[in-house]
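Engineer: Chains E and F, in that order, give the protein sequences. When we follow the numbering used here, the leftmost residue of the first sequence carries the number 1, and every step to the right adds one. When we follow the numbering used here, the leftmost residue of the second sequence carries the number 1001, and every step to the right adds one.
Bear in mind the hints are in silico, worked out from the structure with no lab data behind them.
Residues of chain E clear of chain F, computed beta-carbon distances all greater than 10 Å:
#1 S3
#2 R71
#3 G98
#4 G104
Pair ranges (Cβ atoms, derived):
#5 E:A138 - F:S1216: 50 to 60 Å
#6 F:I1041 - E:R360: 35 to 45 Å
#7 F:I1461 - E:T70: 49 to 59 Å
#8 E:I41 - F:V1410: 34 to 44 Å
Here the structure is a predicted model, which is why all the values come from computation and not from measurement. No residue lacks a Cβ here, since even glycine has one placed at the ideal position from N, Cα and C.
In case you want the letters, here they are:
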Amino acid sequence: MQSKAVMSEIKRTAASEMVRQRNETTGLYRHPRLREDLIRIILIACASISILTTIGIVAVLLTESSRFFTRLAFTDTNRSLVERIEAEATLIQITLEGENLPVGSIIKVGEEDLLIEAAPQPGSFQVKRGVEGTTAEAHPEGAAVGLARPVTLGEFLTGTRWQPEIGHFGILPLVNSTLLTSFLAMLVAGPIGLAVAIYLSEYASARVRSVIKPILEVLAGIPTVVYGYFALTFMTTLLRAIFNRGDIELVGTYNMASAGLVMGLMIVPTISSISEDALSAVPRSLREASYGLGATRLETVVRVLLPAALSGILAAFILGISRAVGETMIVAIAAGAGPVRNLTLNPLEAGETMTGHIARISTGDVSFGSLQYNSIFAIGLTLFVITLLLNLGSNWVRRRFREVYA
Amino acid sequence: MTTASPTVQSALETMTKADRQLRKRNARARRWSAIYLGACIFALIGLILLFGTVLNNMFGVVVKTYAVPPSQLSPNQALENLSEAELGAILSDYFSKQNRGIQRARVLVRDNLLGKNIDPARLSGEPISSLFAGRDYPPEVAELKFSELTVPQLIQLLESSISQSQLYQMVVKDVLQPRIPQSWTLLEGIFNWNRIETEAQAKYPGEAIMWHSWFSWAFVSSELTSDPSTTGLRMAIVGTVYILILTVLISIPLGIGAAIYLEEYAKHSRFTALLETVIRNLAGVPSIIYGMLGLALFVRALGDDAGITNGRVFGITDTNGRTILSASLTMSLLILPVIIINSQEAIRAVPASLREASYGIGATRWQTVWRTVLPAGLPGILTGVILSLARAVGETAPLLVVGGLTFLTVDPNSIFSKFSVIPIQIFSWTSEPNPQFKNVAAAAIITLLGILLTLNAAAIILRQRYSKKLRGA
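Put together the whole structure using the sequences plus the hints.
Structural biologist: Below is the structure:
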């Protein structure tokens, strides 16, 4: 038994030695796979950058927004210093009316943060100077006193004012403008894009197609800043000429209507090209069956093709909304800048969208770590979540409702 | 006249009814086909209006005023035809009469002949013969110092070194100082010439009104100023070109590498499926989000904190993280998904027989990719790359967030310079209250569209060559 095992071992060794010798002489064995493996690793690294980018986007938005929700915001208390205080003073007098200042809270005077340690008498406070990384300094009589509080998620999502400078952090006005301009855009782009798709896929001759297709490609290729210019110089002028009669000024220089309508023109190619693909994917046999029953072209389109291509068309619409929500330059130029105080549904008024606000705040030199710097990331996160949901929804609709023809 | 039997009667009635209904249905079908065509025409009208608006603002009528009228300087001859000596005489005459004219003449000579950044100690200490070593200068000033020169001597230095057309430009810029206080659009000029004339006569008596193109070589080549009649696009064009080249260098290897991996190497695994999903979703992320990624990652973390993108580790100290490098990195991430998707399609289009032949003669996977797949797919890949670059050139929002400036005083000269790009200039000029900046913005738009057109034309030519080659094969 044992000698048999030894024999087979010897045989095996001899065989592998022979193979090794043959490989060495022919050069086959000497091909190291090192280079191939290295290249493979480099290529995987290239492909992984996309995953890293995604992780980077999510990480950046989450960390900066979490800083927004943990840092202190200050609201005006309507109270002020009764007398001038020096940098060393720890007992300060504050006027009586206005909001309550509990012990242990942080107040802001000028650029300095102060911690209230005790309140011996009403209006008189024992404070620790220069907390939260600020420096103690002298403040004049009558300087306003702000009260620190954290920004809550509930306030962020349901508040109806967005003015970070004075302590209002409700994202709703920005979302409202975004939805309003996107709605207007889809009002233009939805019907027009679908009609163009139907015309291209069912009606147009090859010659007409060769005219319309390039038009759509050019529309899709024009930079959005040019659309913004068009919205401000042409569409706004047009709307003002239509709606402003005499002294009544219904339409200002900046309004959501012009931005929304021009955005619609921009989105037409997106919707038409995806819808057209969906319509062309409907098998010929369905059309022929419909015509065979004596249906007109319109009836074939409405009763047969549109239901069959519904998933693709819906997906196109959702993608169009996603593009409108994420579009920046048109709204930054034409829709208006500056804080919106009321939630308006009137598209002729000015309104700042989420993207428009991010663009405006970051154009000025935002200092890193300031409240405004963190706040645009909270808005960016909201925007990212909305567009991601829309994009995923578009894919889901396309898969879920796709008619499969064998 | 015979009456038809009731059955025939009802049959006839049914037929007419059907006929009427058919006619109605056909009419409806025709109406809707007109509506569908109308939608296409709407898109066309939108496009025409867009270009029309830009052109309408780019050409127009202007009032031009001069600090010194040209007819006063040269009554008999057009100014651009004067000789160097005559132009030099105008300059030295003008600077001699002006208050602080000698300082302006010195600045003119220094900026044009010695460079703005010349060491002030050299300028005040060395004689002309060493400052202008190896160049032409009048012999009598050789031993003088720069600050001892008189106005005519300074102008002589200019005359001996620069051409007649440059001298003419100086006369225009420093002596004539043309200003455009008011402008009208092309359509206003065509239809309301008389009204413009009376309006101009009332406001600017004696000044000429003329047709004017805001887009010109002077506009493309001069530096940014805050005055719409003299401002130019040069710094933004330089910035755009810098960022474009750097983006190409970063994103093409990464994008094509990723596409090769996905098409030629990857097996159907969970990792590959995740990659495909991630890339498709990244393509749908709004561009401004990429800007925020760039702001936090490249400008702040890698720039101001780590000192890489602002050049601190390379010994450059005068910039913050808002540099051309940060902008290019951001742009690369932005167009990477598009490049990957386009390249994947081009690689997929390479016939499988080519690969099989390559493997058949014993090539390794990389040899097959490098010698067979890439050369065959390259035109298609390049077409996709060029189209995604065209997208990058027009992007504004991410660069705005990363810190593109709306005003620059010097050309960017390294990847660590502050920057502006053409779209950001368009944005900033469009937002200016002064209406003439709308004209300037229109001229910048034409420049941008010209660049995009060139890129797209290159892509189309590549595509056509490619399809010819495939047909020939």
